[in-house]
Each structure stands twice: as structure tokens, then as C-alpha cells.
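Using the hints provided, position chain L relative to the given structure of chain D.
Number of protein chains: 2
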Amino acid sequence: MEEREISQAVIRRLPRYYRYLGELLANDVERISSNDLSKRMHVTASQIRQDLNNFGGFGQQGYGYNVKYLHTEIGKILGLDVNHNFIIIGAGNLGQALANYAAFENSGFILKGIFDVNPRLEGVTIRGVPIRMMEELKEFIAENNIEIAVLTIPKTKAIEVAEMLSDTGIKGIWNFAHTDLHLPENIIVENVHLAESLMRLSYEVGRYDEEHKDI
Amino acid sequence: MEEREISQAVIRRLPRYYRYLGELLANDVERISSNDLSKRMHVTASQIRQDLNNFGGFGQQGYGYNVKYLHTEIGKILGLDVNHNFIIIGAGNLGQALANYAAFENSGFILKGIFDVNPRLEGVTIRGVPIRMMEELKEFIAENNIEIAVLTIPKTKAIEVAEMLSDTGIKGIWNFAHTDLHLPENIIVENVHLAESLMRLSYEVGRYDEEHKDI
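Chains as they are written, first to last, in this note's numbering: chain D, 67 to 281; chain L, 67 to 281.
Rather than coming from a laboratory, the hints here were simulated on the basis of the structure.
Worth double-checking, as some hints may not be accurate.
For identical chains, the list gives no copy identity; a pair is met inside one copy or between any two copies.
What the hints assert, rightly or not - Computed list of lysine-lysine pairs in DSS-like fashion (alpha-carbon distance at most 30 Å, straight line):
no., residue 1, residue 2
1, K105, K178
2, K134, K204
3, K279, K223
4, K178, K221
5, K221, K279
6, K221, K134
Keep in mind that this is a model prediction, so the values were computed, not measured.
So here's chain D without its partners, still in its complex pose (with noise of 0.2 Å):
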């Protein structure tokens, strides 16, 4: 494929269109106009057609785009085309939702360890993955060519343990605590702030109230 620059707003919609092209996919669908996924997406097929072009010549006029192969083209975008190992830091409820969704593995994020401070869950384990010590947390990234550290802890250990990281190998951290880290450049950060979202809802109930109110 053409390597092109796109843009970060682009980018931020793929996750999207790789999981509607996904459940084209596994519908049997192998092809779709630009119309057709605009009325499935609540997009403009307008917008579909800008943000598709991105990737030169996967759409064909009067045939549309090819399903599977767009499907796997922004998958290998995404990275999805690779295995990538991960660990959970955490293992309080959040950590153990999110060990428990075995759905990540089908996008190539494999599980390989949960790790804690508390003593009374070493040992436990979570879809045959069990449970360690935070003491071993360095040797073990070593070891299994762990790419991603998720962090599910309380945001004052979350700056200590991101710390400890960033001379491991670690090449990203998905963080749950509700705390910017700052880190080097190597390190990518994704921040999952929920509070914040939670908010940005309340604002837009507040405005839509606001804005119906009888007068």
C-alpha cells in the first residue's frame, strides 16, 4: 500500500470503520457502497469517500469497496495484523473486567500476566492467567516481550508505577487512572480518563435541557 500522511481526525475514526467492515465480515458481505455504510454509520457517504481515499483505490465506482480487503488494509493501519502482548497492572475490579474480555483477542491483544500489590490474590488467576507480585513485574516484561502495560491502580501508584515502566521495554501504556503520566517519548500514553467522559455527558444533557425548556 501507498504510504500517505493522514490525519490524526482520520485516524481516530478507523477503529470504527475496521468494526463495521467487521460485522460486514462476518455477515458475508463482501462488498459495500460508499451509500450503503453511510446509512449503516449515520456518516455522510461523502465523509466515507474522503476519509477512504486516504488509502488510495480501494473504493471502484459502480462496485464499491471490497469488504475483506479494506477490512484487513486498516486492520494492518491499526497494527491489528500483529500479535501484541499485554499485562494488566491492577487486578481491582476494572483490571479484572477488563482481563475478562477475552473479545481483545480477536484484535491480537493477548493477556500474558496481571500483576498486584495485594498479597491475598497472588496466585489467582483470571482465564488461566494467574495473578503476580508486583516485584517480578520487571523481570516478566523482559521475559515475555510485553509491548503494552494496561494500568488499572489508583492514580496516586499510578506516576510511580509509570515510572518503573519507562525503562522496561514497555512500548505503551493504556491508562485507567485518572492522572495525566508523563513520560518519555518512547513510551505512548492512551489515556481512558471515564470521569471525564462522564462529564462531557452531563454537559450535554445540561445543554439539550437548557435548550428545550419551556419558556
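Below, chain L without anything else, positioned relative to chain D:
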């Protein structure tokens, strides 16, 4: 406060300002300059001034921002000055993790009920809130002034449940199911698509590798 049209981009950044201002407040900081805030938040001072100027007259030359006032005003915009009753639908790992997250209450989000279809969970309590069966859902929403429903159920069920919610008076849905919900415009949906967040991390890690590989 003067009413102005604030851009979506600024709105999306407000929860982060709210968080930093809250931390300053907790540390008894009374005022802060855009430069100091800039260093803490790792965004430019000019960005901060532009964003906060939307609210008119918070900052004073040579004095800086009044932390408490700004925190309160941003809180009002986000709807955090009033309580919002919410329920969680789906008492699996993720639902239980969210139910256990007491910090939401500090922002006025009050957990009133938890619902599930599994009869073995009926009556089990999480932070004093009992798990109820779905048959009680509609009546419970009506009687308890519920504004927000959190969906932590599989995607195949989410569409059905969202439809069930559409005429209940629910104003917002915080959707963790990995599917898009299409609801009447009076119900605001905020999606948390975790798998897509993980894919963006994977993309960024891959891009970094690509840009820094040895030739």
C-alpha cells in the same frame, strides 16, 4: 455568567481543567497564572488563555485565575453543581467496577440502582445498592428521578435495552457496549468504546516504531 457559544473542542477540554483546578483547590492554592497552569497541564499558556477567555474575565493581568471561582464556574457549565441520579444496567465485572467507583459521587453522580438479568445476583448489594431484576427497570426509573443509565451489557443486548429506555424519561446513556446506539435526539449518548481506544494505542505504538526503526 455571560452566555456564549463555546466550541466543542473547548468543551472537551473542560473536564481536564476541572480536574487540575480541583487538585489545586485540594492543595489550598488560591490563584494560578496561565503560565503556571500551562506547566502543570503541559499545554501552552496561550491555549489556556484562549480556552478560559471563553468564560470572560476570569483571569486578571498580574493576578492570575481565581482557582475556586474558575473551578465552580466550569463545574456549573459541566452540570456538576447539581446531582444526577444514575443506574447501572449490567452487573458484570465492568458494571461492578463502575458501581464501586465512589469518586463519581464527589462530582454529583449518585448511584441509585443496579440492574441485571441474572437471578442469582438479585439482592446482592454493591456499596449498599441492591442489584435488581430488569422487570423493575421502568418503574424504578420513573419513581427515582433517574437521569442517566450506564450500559455495561453485551452489544447484542444493548440495542434492545436502549430502545426500552427510550420512553422512560432517561436523559443520557453512558454506553460501554461496543455498538452504536441510535436513539431519539432527546437522549444523549456518550460512548466509551474501549476496544477502539486500545486500537488507537496500537496504531500510535506502530507509528512510533515505524518512524524510529533502524535503516
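How the hints compare with the structure:
1. Taking identical chains as interchangeable, the C-alpha atoms of K105 and K178 are never at most 30 Å apart, the minima being 39 Å within one chain and 37 Å between chains.
2. Neither within a single protomer nor between protomers do K134 and K204 lie at most 30 Å apart by alpha-carbon distance, with minima of 39 Å and 42 Å respectively.
3. Taking the shortest alpha-carbon separations for K279 and K223, neither the intra-copy value of 44 Å nor the inter-copy value of 32 Å comes in at or below 30 Å.
4. In the homo-oligomer, the alpha carbons of K178 and K221 lie at most 30 Å apart both inside one protomer (23 Å) and across protomers (26 Å), since each shortest distance falls under that limit.
5. Taking the closest pair of Cα atoms, K221 and K279 never come within 30 Å of each other, the shortest separation being 39 Å inside a single copy and 33 Å across copies.
6. When the C-alpha separation of K221 and K134 is checked against a cutoff of 30 Å, the pair qualifies only between copies, where the shortest distance is 22 Å, while the shortest distance within a copy is 41 Å.
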